[in-house]
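Novice: If you want the building blocks of each chain, they are given just below.
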Amino acid sequence: MLMIKTFTSNSSVNHLHQQPESCDSELIEESVSAFYESLKPELNKLIRNPSEEAIQRILAYSQRK
Amino acid sequence: MKTPMKLQLNSDQDLVKLYLNGDESVLEELLRRHKSKIYTSIYLLVKDQYLAEDIFQDAFIKVINTLRSGRYNEEGKFLPWVLRIAHNLVIDYFRKERRTPVITSSDGTDVLGMLQLNEESAEDRLLREQTHADLRTMIHLLPDEQKEVLIMRHYADLSFKEIADLTEVSINTALGRMRYALSNLRKMMKVKEVT
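These protein sequence lines are chains A and B, in that order. The numbering of the first sequence is my numbering, which starts it at 210 and goes up by one. The numbering of the second sequence is my numbering, which starts it at 53 and goes up by one.
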């Protein structure tokens with residue numbers, strides 16, 4: 210009797226459809242993901258904040274409204 | 053900008069409800085929580101500190117007006133909603149700019165940035181500025197749709213589902229754009245290392 214093996218596909222394509230909120234490393238290819246991890250500290254150095262004056266103007270506008 | 057400890061434990065949605073009930077102090081907490089994500093996202097798209105501040109302020113004025121008019125949809129998340137408003141203002145700016153002459157400095161140097169006073173040596177500062185400028189330039193060389201996804205994912209901390217909704221594409225397309233953005237940045241860095 211011929212035996213047929215069955216299995217549940219665990220390809221990344223199916224995985225994407227099932228768990229769209231999975232973490233980056235599961236969703237992006239491993240090498241790109243590794244590169245992203247190494248780049249994150251440099252990308253983080255570009256983070257900036259608005260001036261305190263801009264914040265105060267927004268708060269003042271809100272109080273006037 | 054200091055906000056009471058108890059507010060820091062509330063979700064964005066709770067804070068919006070408190071704001072709608074007249075508690076002005078919660079706006080400070082919302083700004084403290086999200087200002088760098090929103091501002092950096094705008095800044096990296098427009099490349100100008102003062103323009104980014106104007107757009108940041110305009111975005112929050114729209115936020116305040118919408119909340120006060122009762123048109124805010126509570127089902128949506130606060131941060132993606134504000135980013136959508138900011139994103140639309142950036143698009144409006146570039147549409148208007150296309151109709152006006154562009155004035156840029158000859159070498160693209162951030163003159164105002166150079167005037168910032170701090171304690172590090174001039175040499176260290178120049179090196180740091182150069183490294184940051186290189187990475188900023190590389191991000192700007194990315195195609196717009198890849199740049200947007202990278203900024204929204206990394207700086208605004210949005211999920212791919214939220215990015216997909218905001219940019220009106222599928223999750224797979226948003227993911228693909230992120231992959232291409234990273235891949236292109238890696239190529240650009242390799243080229244820079246060689247030269």
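Hints listed in this document are in silico derivations from the structure and should not be mistaken for laboratory results. Only a predicted model underlies this, so the values are computations on that prediction, with no experimental measurement involved. Take these hints with a grain of salt, some might be off.
[What the hints assert, rightly or not] Derived Cβ-Cβ restraints for the label pairs, each shown as a range:
no. : chain 1 : residue 1 : chain 2 : residue 2 : range
1   : B       : Ala185    : A       : Arg273    : 22 to 32 Å
2   : A       : Glu261    : B       : Asn62     : 15 to 25 Å
3   : A       : Lys254    : B       : Leu193    : 36 to 46 Å
4   : A       : Glu238    : B       : Leu72     : 21 to 31 Å
5   : B       : Asn117    : A       : Pro250    : 19 to 29 Å
6   : A       : Ala269    : B       : Glu245    : 23 to 33 Å
7   : B       : Thr118    : A       : Ser240    : 27 to 37 Å
8   : A       : Gln265    : B       : Lys213    : 28 to 38 Å
9   : B       : Leu193    : A       : Ala269    : 30 to 40 Å
10  : A       : Arg273    : B       : Val221    : 36 to 46 Å
[Unchecked claim] No farther apart than 30 Å at their CA atoms in a straight line, the calculated lysine-lysine pairs in the DSS-like style are these:
no. : chain 1 : residue 1 : chain 2 : residue 2
11  : B       : Lys239    : A       : Lys249
12  : A       : Lys254    : B       : Lys213
13  : B       : Lys129    : B       : Lys114
14  : B       : Lys213    : A       : Lys274
15  : A       : Lys254    : B       : Lys199
In this text, a Cβ means the ideal position worked out from N, Cα and C, and glycines have one as well.
Novice: For every hint, state whether the structure bears it out.
Specialist: Results for each hint:
Against the hinted window of 22 to 32 Å, the Cβ-Cβ separation of Ala185 (chain B) and Arg273 (chain A) comes to about 39 Å, which falls outside the hint. Taking 15 to 25 Å as the suggested C-beta distance range, the pair Glu261 (chain A) and Asn62 (chain B) conforms, at roughly 23 Å. For Lys254 (chain A) and Leu193 (chain B), the Cβ-Cβ distance of about 18 Å falls outside the hinted range of 36 to 46 Å, so the restraint is violated. Between Glu238 (chain A) and Leu72 (chain B) the beta carbon distance is about 44 Å. The supplied range of 21 to 31 Å is therefore violated.
The hinted range of 19 to 29 Å is not satisfied by Asn117 (chain B) and Pro250 (chain A), whose Cβ atoms lie roughly 38 Å apart. One distance hint, 23 to 33 Å for the beta-carbon pair Ala269 (chain A) and Glu245 (chain B), is violated here, with the actual separation near 48 Å. Evaluation of the 27 to 37 Å hint for Thr118 (chain B) and Ser240 (chain A) yields a failure: the beta carbon distance comes to about 43 Å. Taken as a hint, the range 28 to 38 Å holds for the pair Gln265 (chain A) and Lys213 (chain B), whose Cβ atoms sit roughly 35 Å apart.
Checked against the given bound of 30 to 40 Å, the beta carbons of Leu193 (chain B) and Ala269 (chain A), roughly 39 Å apart, stay inside it. The given range of 36 to 46 Å is respected by Arg273 (chain A) and Val221 (chain B), whose C-beta atoms sit roughly 39 Å from each other. For the suggested pair Lys239 (chain B) and Lys249 (chain A), the alpha carbons sit about 16 Å apart, so the restraint of at most 30 Å is met. Of the supplied pair hints, the one linking Lys254 (chain A) and Lys213 (chain B) holds, its CA atoms being roughly 26 Å apart against a limit of 30 Å.
Only pairs whose Cα atoms come within 30 Å are accepted, and Lys129 (chain B) paired with Lys114 (chain B) is accepted, the gap being roughly 16 Å. At roughly 34 Å between alpha-carbon atoms, Lys213 (chain B) and Lys274 (chain A) are farther apart than 30 Å, so this suggested pair is violated. This hinted pair checks out: Lys254 (chain A) and Lys199 (chain B) have alpha carbons roughly 17 Å apart, not beyond 30 Å.
The earlier numbered hints that this structure contradicts are 1, 3, 4, 5, 6, 7 and 14.
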